[in-house]
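Trainee: Please model the entire structure based on the sequences and the hints provided.
There are 2 protein chains.
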Amino acid sequence: MLYTSEALEAVIEHLSRLPTIGRKTAQRIALWLLKQPREDAVALAGALVDMKDKISYCSVCQNITESDPCAICSSTRRDQSIVCVVEEPGDVLAIEKTNDFSGLYHVLGGVINPLEGIGPEELKVKELLARTGAGTLKEVILALNPSVEGEMTTLYLAKMLRPLGISVTRIASGVPIGSALEFVDEATIARALEGRIVV
Amino acid sequence: MLYTSEALEAVIEHLSRLPTIGRKTAQRIALWLLKQPREDAVALAGALVDMKDKISYCSVCQNITESDPCAICSSTRRDQSIVCVVEEPGDVLAIEKTNDFSGLYHVLGGVINPLEGIGPEELKVKELLARTGAGTLKEVILALNPSVEGEMTTLYLAKMLRPLGISVTRIASGVPIGSALEFVDEATIARALEGRIVV
Chain A
1 MLYTSEALEA VIEHLSRLPT IGRKTAQRIA LWLLKQPRED AVALAGALVD
51 MKDKISYCSV CQNITESDPC AICSSTRRDQ SIVCVVEEPG DVLAIEKTND
101 FSGLYHVLGG VINPLEGIGP EELKVKELLA RTGAGTLKEV ILALNPSVEG
151 EMTTLYLAKM LRPLGISVTR IASGVPIGSA LEFVDEATIA RALEGRIVV
Chain B
1001 MLYTSEALEA VIEHLSRLPT IGRKTAQRIA LWLLKQPRED AVALAGALVD
1051 MKDKISYCSV CQNITESDPC AICSSTRRDQ SIVCVVEEPG DVLAIEKTND
1101 FSGLYHVLGG VINPLEGIGP EELKVKELLA RTGAGTLKEV ILALNPSVEG
1151 EMTTLYLAKM LRPLGISVTR IASGVPIGSA LEFVDEATIA RALEGRIVV
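One line per chain: the protein sequences are A and B, in this order.
Be aware that the first sequence starts at 1, since it is given in the working numbering, and climbs by one per residue.
Be aware that the second sequence starts at 1001, since it is given in the working numbering, and climbs by one per residue.
If you are wondering where the hints come from, they were derived from the structure by calculation, not from laboratory data.
Predicted, not measured: the structure shown is a model, and the values here were computed from it.
The reader is advised that the hints may include incorrect statements.
[Stated by the list, open to error] Pairwise CB distance ranges, derived in the manner of DEER restraints:
#, chain 1, residue 1, chain 2, residue 2, range
1, A, R78, B, E1006, 15 to 25 Å
2, A, L115, B, I1118, 28 to 38 Å
3, B, E1151, A, G178, 54 to 64 Å
4, B, A1180, A, F183, 26 to 36 Å
5, B, E1006, A, L115, 35 to 45 Å
6, A, R78, B, E1122, 48 to 58 Å
C-beta atoms are modelled at their ideal positions from N, C-alpha and C, and glycine is treated no differently.
Mentor: Structure, rendered in structure tokens:
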């Protein structure tokens, strides 16, 4: 046995399964935790279980939430006529950070990916279409990642939503703020040219 | 509130306190854990608390252990006459991985660092000197990191151990295997020259 303790080995094993954490980092974190007060490890452990127990999915927007419907869906200060469609809960956080969007969200749970066997049925597409029934929805903003699968899903959703008389838009792709043209790939520049706007 | 869940926020907060994990990585890990089965989070949480409960310090070598004395100190197949002095438990793991050392260890718990108020009393120096009393100890290998503080501690320990009639050695500093001279700093090359050996 490499480690002098099975309990330590177990923590390293579990930590190294987490995304972005390799075995060396897992060992470093485990040894660091050993030096901290017991309460710190207990608090982290408690928070993990607590999170799994308290968080479920909003029945309206499919985002993670502690109450159903979620705080955003049940807010009276948000514009009920606009829904922004994203892939994952992390994307909602990213858009909320801008403080620039006051509508509602819809979390698809991924994108269409035929190679991995993910079609519209595996995503929350049915739930999105159901939200158009109430008649309050005027615009759907598609904010999927600009990957091949994201593009495919954007086109698919646009095709499904347009016949329902809803305005369908997508977020702009182009040169990121703070970047320089010479460092941006051709596909992005081509898209930025295509999406040029009058100033 | 930025996050739609306080339980999620709590996990991100706890994770981002761990070494090498920033807030973005913490968020990514937390959202990933949300997608995993509940058992996985419970198992990680359990392993953390278990580790804190089971692991203590070996009364002989001061390394982390589940039993006292530790597996290395109580092994009959290890050479009791050589002790390798290291800074932290992680260093024991690093040396054990080489399968090249069959002696015992002594974990100092750090190095002398006057700027941070760490003197010999804050380290396990007294415990190291006590181990020389039994008369079985013939050689002490100092394997501290080649930092300014590590050098200072090496010199200090050598000064304390030499009068006790024990052979005191230190691990070699030099060009790392696989590296190239042109990429190695001057201090390392100077040390490699100084420590040259007959071939």
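Trainee: Range first: 26 to 36 Å. Now tell me if the beta carbons of B/A1180 and A/F183 are that far apart.
Mentor: Given a distance of about 30 Å, which is inside 26 to 36 Å, the answer is holds.
Trainee: May I ask you to test the hint 48 to 58 Å on the CB atoms belonging to A/R78 and B/E1122?
Mentor: holds (56 Å)
Trainee: Between B/E1151 and A/G178, does the C-beta distance stay in 54 to 64 Å?
Mentor: violated (43 Å)
Trainee: Using the Cβ atoms, figure out if B/E1006 sits within 35 to 45 Å of A/L115.
Mentor: holds (38 Å)
Trainee: Do the Cβ positions of A/L115 and B/I1118 conform to the proposed distance bound of 28 to 38 Å?
Mentor: violated (56 Å)
Trainee: Given a hinted range of 15 to 25 Å, is it respected by the beta-carbon distance of A/R78 and B/E1006?
Mentor: Holds - the Cβ-Cβ distance for A/R78 and B/E1006, about 20 Å, lies within 15 to 25 Å.
Comparing the model with each earlier hint shows violations of hints 2, 3; every other hint is respected.
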